[in-house]
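Listed in order, the protein sequences are those of chains A and B.
For the first sequence, the working numbering assigns the number 1060 to the initial residue and increments by one for each residue that follows.
For the second sequence, the working numbering assigns the number 8 to the initial residue and increments by one for each residue that follows.
No lab work stands behind these hints: they were computed from the structure.
By construction, the Cβ of each residue, glycine as well, lies at the ideal position given by its N, Cα and C atoms.
Worth double-checking, as some hints may not be accurate.
[To be verified] Computed, partial: chain B to chain A, Cβ under 7 Å:
#, residue
1, I15
2, M16
3, A38
4, A41
5, K42
6, V59
7, F61
8, I176
9, S314
10, T316
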Amino acid sequence: MAIKYTFLGLLIYLTIAAYLFAFLATITGKKKTGQVIYLMGFIAAAAAFAYRWHDVRHVPFQNMFEVFLSMGIFVYPLSIFCRRLLRVSGEAVDMLIGVILLFPAGFVFHAEPQMLPPALQSWLFMPHVAVYLISYVIMVKAAIQAFCYLKDKTGNTKENLVGYEEGTYRMICFGFPLLTLGLILGSWWGKLAWGDYWGWDPKELWSLVSWLVYVGYFHVRYMFGQKHARLNSSLAILGLAAIVITLLWVNLSRIFPGLHSYAG
Amino acid sequence: MEKLSRSIMWIVLLAIGLLAVLSMAGAFYGAEKAKLLFNSIPLVFYWYLLSVLFLAGFIEFTRLRRKPGLFMIHTGCLLILCGSMWGSEAGHRIVKRFFGIQKTPNGYMLISKGDSEKYIMAEDFGRRLGELPFSIKLKDFRIEYYQAYEKTPPQLDIKTQEGQQFQLIAKPGEEITLGRDKLRVVRTFTNFRIRIEDNKKVITDEGPQGENPAVEVSIETPDGNSHSRFVFEHFAGFSHKEDGLQLSYTSQGPQMIRDYFSDLAIIENGKEVLSKTIEVNHPLHYGGYHFYQHSYDSEMQKYTILSVTSDSGLYTVYAGYWMLVVGTLWQFWFRHIAKYIKDKKNK
Ligand code: HEM
Chain A
1060 MAIKYTFLGL LIYLTIAAYL FAFLATITGK KKTGQVIYLM GFIAAAAAFA
1110 YRWHDVRHVP FQNMFEVFLS MGIFVYPLSI FCRRLLRVSG EAVDMLIGVI
1160 LLFPAGFVFH AEPQMLPPAL QSWLFMPHVA VYLISYVIMV KAAIQAFCYL
1210 KDKTGNTKEN LVGYEEGTYR MICFGFPLLT LGLILGSWWG KLAWGDYWGW
1260 DPKELWSLVS WLVYVGYFHV RYMFGQKHAR LNSSLAILGL AAIVITLLWV
1310 NLSRIFPGLH SYAG
Chain B
8 MEKLSRSIMW IVLLAIGLLA VLSMAGAFYG AEKAKLLFNS IPLVFYWYLL
58 SVLFLAGFIE FTRLRRKPGL FMIHTGCLLI LCGSMWGSEA GHRIVKRFFG
108 IQKTPNGYML ISKGDSEKYI MAEDFGRRLG ELPFSIKLKD FRIEYYQAYE
158 KTPPQLDIKT QEGQQFQLIA KPGEEITLGR DKLRVVRTFT NFRIRIEDNK
208 KVITDEGPQG ENPAVEVSIE TPDGNSHSRF VFEHFAGFSH KEDGLQLSYT
258 SQGPQMIRDY FSDLAIIENG KEVLSKTIEV NHPLHYGGYH FYQHSYDSEM
308 QKYTILSVTS DSGLYTVYAG YWMLVVGTLW QFWFRHIAKY IKDKKNK
């Protein structure tokens, strides 16, 4: 744990503070104020992202610091999109997710710029990671909807928003094509870089597990519909657990080395 | 749901769950063991069962055939399954047995600069795995390096007999006065070498990438005498009797590799039919094989190591990939967007 006394660090802390205040304002009923601060937080996050991009001279998706930094900016547009178009609630919680996602970037991971090793120099680098990071944020929202459903089945039907079970389903429908695309772009890239589209390395296997959990979710929901709605929700949460392991695997265990080890 | 449909769906759920559990186990075992696990006989049965399940699904559920999104998703998965089975080692053996086509699924080639090679070897180069119907020539091999972010200038650290410390930028012409002595940088080397030519020692710089960075300095004493010394980065300084100075040199330090390139040519029947420069992420495709930049001679840069893979089944897998992607986008996004637009228009 260390504080970053840099301009980039400052922008990250500003974003964290803004997201936090936006959350507090929203839950205390000052929705309008919350919205404005949330937007300001997003602008600070976008500035941090752009600054980092300029600084390291490649899209900042290379290491854990950059990955969490980037997820911190996707939160805002996604929560606006989900509320307005998909009618899925959870904006206040999204602000908190923003704080949680930026926390590791601000305090845990080191920010030393690194140059891209040969294997990462591919046009597939950016879309592969971008698509994954966006889908991860969406699946976090799905898991939160599912969690809310498990706690409170009645769900919210206020403000024209859908209930939690339907909310979970919509989020997964939104995120699944991106998750699929991420998996396939990764595999395609692996073919170009290492000569194999599938190397059975732990990171690949965990990303397959995450994907399969959502495949399972769809089939369970098709088979049983709302009859076992708690099972549906549990699968959505399980999917997120698999995603977290996929993302942190290299950091969680250095005992199982694999090709993706540079992602640490 | 009818009984048969229900039974099929139960098997599908079990199959998906089983694959997830095995993948988790594989992640714990590590890539090498996982690969063996997923290619083992019981797993071969599993892959066949899964393919049959897809077919059963298409027969039993009309929606899987009629709904374009669902059709593409499931067909895509089936194609990936078939393509990867075809491309596996067992798939290669079957193709050889029944169709007489002999291809090596994968292996490595080590080619020295200027040489041609046609044999595919095991990773340790101890065993020959197969032979290509053509040969590959390595015309040249190059490495490119990153310019360091903040270029630190090469530096000379000086410690006098009295324990005083000085630093000097190691650029030819730079000078520093140390008490009564004067030290001047004469020349820097990225790769210092001594060669014997006509019984005389010749000092050369065999750059550009230094395995032996060094600097030559000349030290002038007050009586007008001067002598020169070489300071090597990797062979730390010891003090000279004459001047008692302890010198050490830091060049830019090792640079990070940006990329490496092999200029290859395909030789068929004694004629060059194709030439291409490959690098990491940019392989060569010829005669049913892909050739990848895998590794190289890190000391002398005299040879390159290519990894070779057969392309059997690859395009089936790729077709499956794109069907799967388009299918999920169709099923979960476009259908809804189209409906949204239609509803808006009707309003
Ligand atoms: C691992 C491979 C599989 C994947 C990735 C997959 C994926 C999917 C997806 C994404 C859906 C859409 C769910 C929705 O719209 O709610 C779906 C539905 C379905 N799948 Fe699969 N599936 C797989 C294997 C199978 C197999 C082997 C069968 C064969 C019986 C099957 C039968 C079905 C059926 C019947 C539906 C429901 C269609 C409907 O909504 O009416 N799936 N699958």
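Here is how each hint holds up against the structure:
With a least beta-carbon distance of about 10 Å to chain A, the hint placing I15(B) at the interface is violated under the 7 Å criterion. Evaluation of the M16(B) hint against chain A yields a held restraint, the C-beta minimum of about 5 Å falling below 7 Å. Of the supplied interface hints, the one on A38(B) holds, with its beta-carbon coming within about 4 Å of a beta-carbon of chain A, less than 7 Å. Hint status for A41(B): holds, given a least beta-carbon distance of 4 Å to chain A, under 7 Å.
For the restraint placing K42(B) at the interface with chain A, the shortest Cβ-Cβ distance is roughly 4 Å, inside the 7 Å limit, so the hint holds. Interface restraint check for V59(B): the shortest CB-CB distance to chain A comes to about 17 Å, outside 7 Å, so the restraint is violated. Using the Cβ-Cβ criterion of 7 Å, the hint placing F61(B) at the interface with chain A is not satisfied: the shortest such distance is roughly 13 Å. Violation of the interface hint for I176(B) is found here, the shortest Cβ-Cβ separation to chain A being roughly 24 Å, above the 7 Å cut-off.
At its closest, the beta carbon of S314(B) sits 5 Å from a beta carbon of chain A; the interface hint therefore holds under the 7 Å criterion. Taking 7 Å as the C-beta cut-off, the interface hint given for T316(B) holds, the closest approach to chain A being about 5 Å.
Violated hints for the displayed structure, listed by number in ascending order: 1, 6, 7 and 8.
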